[in-house]
Each structure stands twice: as structure tokens, then as C-alpha cells.
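Listed below, chain by chain, are the residues.
There are 2 protein chains.
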Amino acid sequence: MNAEIIGIGSELLLGQIANTDAQFLSQQLSLLGIDVYWHTTVGDNRLRILEALHQASRRSDIIITTGGLGPTLDDISKETVTEFLKLDLIIHKPSLTRIEDYFRSLGRTMTENNAKQALFPREAIVLQNDNGTAPGMIIERDNKIYIVLPGPPAELQPMFINYVSPYLAGISGDGIFSKVLRVFGIGESAVEELIKDLLLKQGNPTIAPLAGAGEVKLRITAKASTLQEAASLIQPVQTEIETRLGNAIYGYDEDSMEDVVLNMLRVKGLRLALAESCTGGRISDLITNVPGASDVFLESCTTYSNEAKIARLGVSPGTLRKYGAVSIQTAREMAEGIRKTSGADIGCAVTGIAGPGGATDQKPVGLVFMAISDSKGTEVKEFRLGGDRLRIKQGSAMRLLNWLRLFLLERAAE
Amino acid sequence: MNAEIIGIGSELLLGQIANTDAQFLSQQLSLLGIDVYWHTTVGDNRLRILEALHQASRRSDIIITTGGLGPTLDDISKETVTEFLKLDLIIHKPSLTRIEDYFRSLGRTMTENNAKQALFPREAIVLQNDNGTAPGMIIERDNKIYIVLPGPPAELQPMFINYVSPYLAGISGDGIFSKVLRVFGIGESAVEELIKDLLLKQGNPTIAPLAGAGEVKLRITAKASTLQEAASLIQPVQTEIETRLGNAIYGYDEDSMEDVVLNMLRVKGLRLALAESCTGGRISDLITNVPGASDVFLESCTTYSNEAKIARLGVSPGTLRKYGAVSIQTAREMAEGIRKTSGADIGCAVTGIAGPGGATDQKPVGLVFMAISDSKGTEVKEFRLGGDRLRIKQGSAMRLLNWLRLFLLERAAE
Numbered sequence: 001m002n003a004e005i006i007g008i009g010s011e012l013l014l015g016q017i018a019n020t021d022a023q024f025l026s027q028q029l030s031l032l033g034i035d036v037y038w039h040t041t042v043g044d045n046r047l048r049i050l051e052a053l054h055q056a057s058r059r060s061d062i063i064i065t066t067g068g069l070g071p072t073l074d075d076i077s078k079e080t081v082t083e084f085l086k087l088d089l090i091i092h093k094p095s096l097t098r099i100e101d102y103f104r105s106l107g108r109t110m111t112e113n114n115a116k117q118a119l120f121p122r123e124a125i126v127l128q129n130d131n132g133t134a135p136g137m138i139i140e141r142d143n144k145i146y147i148v149l150p151g152p153p154a155e156l157q158p159m160f161i162n163y164v165s166p167y168l169a170g171i172s173g174d175g176i177f178s179k180v181l182r183v184f185g186i187g188e189s190a191v192e193e194l195i196k197d198l199l200l201k202q203g204n205p206t207i208a209p210l211a212g213a214g215e216v217k218l219r220i221t222a223k224a225s226t227l228q229e230a231a232s233l234i235q236p237v238q239t240e241i242e243t244r245l246g247n248a249i250y251g252y253d254e255d256s257m258e259d260v261v262l263n264m265l266r267v268k269g270l271r272l273a274l275a276e277s278c279t280g281g282r283i284s285d286l287i288t289n290v291p292g293a294s295d296v297f298l299e300s301c302t303t304y305s306n307e308a309k310i311a312r313l314g315v316s317p318g319t320l321r322k323y324g325a326v327s328i329q330t331a332r333e334m335a336e337g338i339r340k341t342s343g344a345d346i347g348c349a350v351t352g353i354a355g356p357g358g359a360t361d362q363k364p365v366g367l368v369f370m371a372i373s374d375s376k377g378t379e380v381k382e383f384r385l386g387g388d389r390l391r392i393k394q395g396s397a398m399r400l401l402n403w404l405r406l407f408l409l410e411r412a413a414e
Numbered sequence: 001m002n003a004e005i006i007g008i009g010s011e012l013l014l015g016q017i018a019n020t021d022a023q024f025l026s027q028q029l030s031l032l033g034i035d036v037y038w039h040t041t042v043g044d045n046r047l048r049i050l051e052a053l054h055q056a057s058r059r060s061d062i063i064i065t066t067g068g069l070g071p072t073l074d075d076i077s078k079e080t081v082t083e084f085l086k087l088d089l090i091i092h093k094p095s096l097t098r099i100e101d102y103f104r105s106l107g108r109t110m111t112e113n114n115a116k117q118a119l120f121p122r123e124a125i126v127l128q129n130d131n132g133t134a135p136g137m138i139i140e141r142d143n144k145i146y147i148v149l150p151g152p153p154a155e156l157q158p159m160f161i162n163y164v165s166p167y168l169a170g171i172s173g174d175g176i177f178s179k180v181l182r183v184f185g186i187g188e189s190a191v192e193e194l195i196k197d198l199l200l201k202q203g204n205p206t207i208a209p210l211a212g213a214g215e216v217k218l219r220i221t222a223k224a225s226t227l228q229e230a231a232s233l234i235q236p237v238q239t240e241i242e243t244r245l246g247n248a249i250y251g252y253d254e255d256s257m258e259d260v261v262l263n264m265l266r267v268k269g270l271r272l273a274l275a276e277s278c279t280g281g282r283i284s285d286l287i288t289n290v291p292g293a294s295d296v297f298l299e300s301c302t303t304y305s306n307e308a309k310i311a312r313l314g315v316s317p318g319t320l321r322k323y324g325a326v327s328i329q330t331a332r333e334m335a336e337g338i339r340k341t342s343g344a345d346i347g348c349a350v351t352g353i354a355g356p357g358g359a360t361d362q363k364p365v366g367l368v369f370m371a372i373s374d375s376k377g378t379e380v381k382e383f384r385l386g387g388d389r390l391r392i393k394q395g396s397a398m399r400l401l402n403w404l405r406l407f408l409l410e411r412a413a414e
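Taken in sequence, the protein lines are chains A and B.
Each residue of the first sequence is one higher than the last, beginning at 1 in our numbering.
Each residue of the second sequence is one higher than the last, beginning at 1 in our numbering.
Since the hints were made in silico from the structure, they are not lab data.
Be a bit skeptical, because a hint or two may be false.
With a Cα cut of at most 25 Å, we get these calculated BS3-like pairs of lysine-lysine [unchecked claim]: (1) 116(A) with 86(B); (2) 223(B) with 179(B); (3) 340(A) with 363(A); (4) 179(A) with 196(A); (5) 381(A) with 322(A); (6) 201(A) with 217(A); (7) 268(B) with 201(B); (8) 196(B) with 116(A); (9) 196(B) with 268(B); (10) 340(A) with 340(B); (11) 340(B) with 376(B); (12) 268(B) with 116(A).
Over the 12 Å line for every Cβ pair with chain B, so calculated as not near, a few chain A residues [claimed, not checked]: (13) 83; (14) 123; (15) 152; (16) 192.
Built from N, CA and C at the ideal position, the CB exists for glycine as well.
Hey, can you work out the whole structure from these sequences and the hints?
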């Protein structure tokens, strides 16, 4: 089976956004063993949408449209697909109720034009939108499958995963299964060197390194008819890679670094507090993205000013005067200070120069000091990061979390 | 004139990368006043590339391909475009010399397969690649323009800007200029209701609403031959929309909410401190993304535990017992507490239920209280947000920043 993705939206043709929906759907369809041969993008224009549907229906088994399901006049995707299939739109009561409830929950009244989002052909399987007002739909017609999805990734992605993927898995045969090993602290080429022979002799499963966002992902992919069969193909390759990369593998599949670190803390019954300066709250933000973070995370002080470092953390004014806010000494006192004042088991601190201002000859942009303090003492490290302000903030946050992970592994081994 | 972009590469169809080349080219073409009606993506497959060229040549004036110019066997874009146009490939000497020089400069010998990158039809304008080995080309044929570009953005972008854009500017007339108004706090359909008559009678300039990430952008676009002429077309429409939407317009073009708020604080000489609970440090993270935030931002306490709320902010244990951490009363004491303990002019606080756990019948997921405190007193608000944990965190952060913006506007008016 093969699929074609039709992106609908003038914002795509104006280059205001990249077509990340096509990327996401392509990845997901590949996991389902469905080939994608075409992406097409058109504006919110009836004639061109019809032309794209005509093209796609000649050459593809599954036709997926994204975007153009909003409440406004220029959103015409659903209407045009329905016209193309020569079907009629009628009110879909459950959807209308959901939309009304959605507005009520926000304390707002539904405007008239939102009602059009509840119109569907009788023949459609309506796909509930758990993150917005526009439902999607699936229509089977003339041996083709038409799938109409909303454009915003926050709506499209859960709708695909929760409703479309199970539907397609039911009608597709052989599947592709994969396991992702997530690696931090070693660059892509170094990872490749370590597993070069495995990469050269790969067959089924395949091994694909993919670098991005400061980490390397190794995707091991097996073609098999069952998950069990795939797992038995993947396992020996995975074990061999784990032996070679060791602790640099921090997680699997959708694990994030913050998931992994919070889980380790939870298992050990340790409570964490943070003192952030150059990261500006980003580490705390990442940690609190994990549901249930409050089990182990007590607090974070983003002490941007020197006064806050002194008042909140007890950093000595003398240390700040003598060594500066960006120094090994200040990082140490911040970590010890947050641990003592919060009552946490572990205190971590980050102070550095995120730029673009604030650098000196001795302290360039990207110089960052970090410290981890627990009942056994305090460790301090110096890092040098590249990139702009946002990359330095994010890179520092990830390095602190990764160091904390290794620190917890070491403590456990002691 | 209109253009179609044909992305060529199996990595696009597998979702390994997003088609950012199409986004970049669309932006650039729009600046040149060239409409883009279609994006098409196919793999490195001769028959499908030919079909895409056939489609495009029927409906578009300018056909741009990206990708598939590498030295390996599966790179066939140039060969297939040449076949489609019934032309022959011969060695282009200057390109061959450049490729040989490129390898020499790296201290490597050119491999045989790189020579194919120097093959071009006699009819082509060859586009020098200043950042790699694969030149591009332009061919004018049957009143159509075919432009063949390399895939890597680092090669494509300078090649387009330095060589293709001047070529197209020479043959195109008008340019497109636009102004974006950024709106927060009113939904897309409500915005549309307010300017419905303007949307219905639009011509030049056009007005395009675009919703996403919790805000609505209104892009006003004018076709004109000079920037001055465009500005004089845009200005009256902009003024009319500003009159109708008032304070809901928070910024223009690339302004972010945090940019706008920090600028207001800087202009007024006010210093800010934050007390965050359910946002977990996100507001602080957003604010410190802005270079120079330290001018006005003192600190943020992410007080996740009740103990931290008491110790850092002086929230009364009685308040927490009686009303709970997620309450009007706690929000108020948090804002007043952070203002007093930090010495800031303005203290803001957010406390709520980000979910998925922690909800009760009285306090559902998405219930959020916020407070702003200054020397004149403290204001408190209740919000109800939808979506998952991340949306509630981000939505709360944006609402707090927007409220602070409106608060500062009001104070200025008093």
C-alpha cells in the first residue's frame, strides 16, 4: 500500500511555516510499512485542491490531507474533499456537542462559524480532536482511503497516533518495528566509528544514526510480521551497541533526558532542587514537563541578579567580588546553598555567559560552570559551549541533566 | 508569474527531514512577487520525477527542483530534467576545474563519480556552488524556466540568493511586501468576525489570518514596485485593524510577547521578579531568552513544593491549608511575597493544575490562578485552560505575560 500527503494551506506556499506535518506523517506511515511516494502542497484554493485530489486518487491508495479545517471562510479542505467524493455534509451531533463543551470549558461562547466544524458526510468515520475544535475524518471510497486531518501539529499528531494509526495498522500487513537508542555526550562521527562494522554489515535489522538537538539517535529497524519476531531480530544488535556505547546511552525511544533523570531520583527516593543563572529557568521548565515531577522536584531559584544569589542561596558577596558570578567558586556555593536552603538531597547549579553581551577576554560567551552537591560533597565542572544564546541555554540544561544522570549512576555503584 | 517547487529526495518521503528548502524558496519567491501555487515532493525515482516535471510544466511558469545533485548513483535530478527537456549532457569545463580545486583544497583526490557533477546541457546557465561540489542550473525552454538546485540548505540558500534571485528579479516586475500584526487573547474566529468586512473586500493589500501557538497573526500583504508604495497601501488597512482590535495587538512582525513585555519594563525602568508553580520555570525561561533580560529581570522562584512557597515567598501555612496551593489566596500571597523578598517593582505569580494528576472535582486540570503585585496593590485572575500538560504550561506563561503587558499599559494610562 502507498500513501500521498496533500498539505493544504497558503501559509505553506508563502513559506511562513515548514511542512512538518508531512514529515511527521511520513515517519509514522513508514513505521506502519506504508510507502509514501508523493507529497503535494496547495493553497486554500478549491480548484487546486480538486486537482491535487484528482492526481492523488489516480496514483495512490491512501490520500491524506492536512490543514484547512479551521472555522473561517478560507478553510475549505473538508468541503472540497466531500465535493470531490460527491457526498453531502450533515451535522455530526457528537462533534457539535464536543465543540460546544470545549468553548464552555474555556468560559467562552461558541461563535456561529465554529458549527461548520461539526459538518461531516454520513459515510465518514469522524476522528475526535482531543486538542482543538476541528475533528478529522476517514472515508473509504472506490478502493481508496481518504483521511482528512487538521493542520496544527498539536492537534494532528495525537489524532494520527490515537485514531488513524490503529485504523491503518488494521488494514496493513507486514510492519516495520524499531527501537531507538538515545546517546548523549558523544558526537555522531565518534558514535559511527564505534559501531562501524555493525553499520557496514547491516541488513535486517538496519541501523540508522541520526544527529540533532545535541544528541545522537540510533534507530534499529526490523521488518517482521509480528512484534515478537521483530524484537528477536533487534535484541542482539541492541545488546552489542549497548556494550560498546555504555553509559552514553541515556534512554530509549521517546524517553527524554528529563524523564530518565526524574525516574532515577524517584527510584532512589532523592529530592532535587536547582539554582539556575544562565539557563534562566530552562532546566526547571524541562523537569516540570514530566508529569509527577512534584514527587522529587522541590524548587528552582533562577537567581539572575547577584543580590538574588546572595539572598536566596547564601552565596558570599566576597566570592562574587573576587571571582565573579561566572566562576567555579560561585557555582559551588550556589549548589551548596540551594541544597541547604531547600532541604533537598541534591542541589545543582549552573552559571555561565549565554551572550550576546557580558563576555570578557577571560570569560567568553559559552563559558559555563556547573556544580552538583549532595551529602558526600560537591563536584564542579567547566564547560565551553558554542552557538547563540538559545543554544547555550539549551545545551547547558542538557549537559547538567546528563551529568546528574551519570552522577546518580556513579553514586549507585559506590 | 508563478512557480512550482519540486523537492526530490527519498529522505523527505521517509520523514527524516522536513522540506525546509521549499519553505525558504517560497519566502524568497514571495519577496520577488512570484506566486507559488504548488509544492511537490518525490523520491529519487526517474519515472516519478518525470511525472512531476510533466505536471509542473503544464501549470507553472517557473519550475524549481531541489536535491538529487550529489555524486552518487541515486542522484538523478539533473539527468532527469535534461532527459525531460530532450537535451544532452556535456562536460562543463569551468565546473570540472572548480570541483577539482575544491578537492585539492581539502587535500583529497577527486573521485571518478564527482566528475558527473560537472555535466550540463549546452543550453544551461550553470550556477556556481560556493559551498559544495554540485553546481545548479537554469534552462529557459518553451516559455518556461527550469531551475535545478542542490538539496543541502547551506548550498541551496546562498546559491539562490547570489545567483537565482538576481536572475529572477531581472525578469519579474513587482515585489511583495508584508506587515504582520500579532494578536493575543482573541480567538481566530472572533478576530475574523471583527474584521469580516475588510476580509471580504480585500484586494491589494490582502489580509490573511493565521492561528497557531495560542495567538493569531494577521498578515497584510501588498504588491507594489517599491517599499514606499507598498507601505502606503498597507498603512490605512493596518490603522483600521488597529482601531478595531486595540490592545489585543501586542506586536508586529517578528516581535515575541517576551520581547514586548521586557521592552516596556525597560522603558519604564521597572524591575521584575516571578513566583512560578505550575509553569515550572517556563516564564522565566521565555524572559531570559531575550538578550539583555538581566537589565530588568531579577529572579524567579519556581516554588513547586508547599514548603518552598512558605520559605521563599512567605506564603502563610494557614492559607495553604485552608484554600490549597491552587487558589486565589495563594496566588496573591505568592505575588506579594516575591515582590517583597526580591525587592522588585513588580511581582507576578502563577499557580495551577497542569495535570494529568492533581485534579479534584472543584479544581480541574487547567484551572490556573495568576496575580500581579506592585506598589499600588495586587490583582488576581482566574483562568481555565484546555489541552495537555505542556499546553497548559505554555498557555499559562503566555497569558501571564500578556496580562502583564496590559497591566503596564493601564498603569501608564492612570
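Next on the checklist: Need the list of violated hint numbers for this structure, in ascending order.
Outcome noted: The structure conflicts with hints 1, 3, 7, 9, 12 and 15, although it agrees with all the remaining ones.
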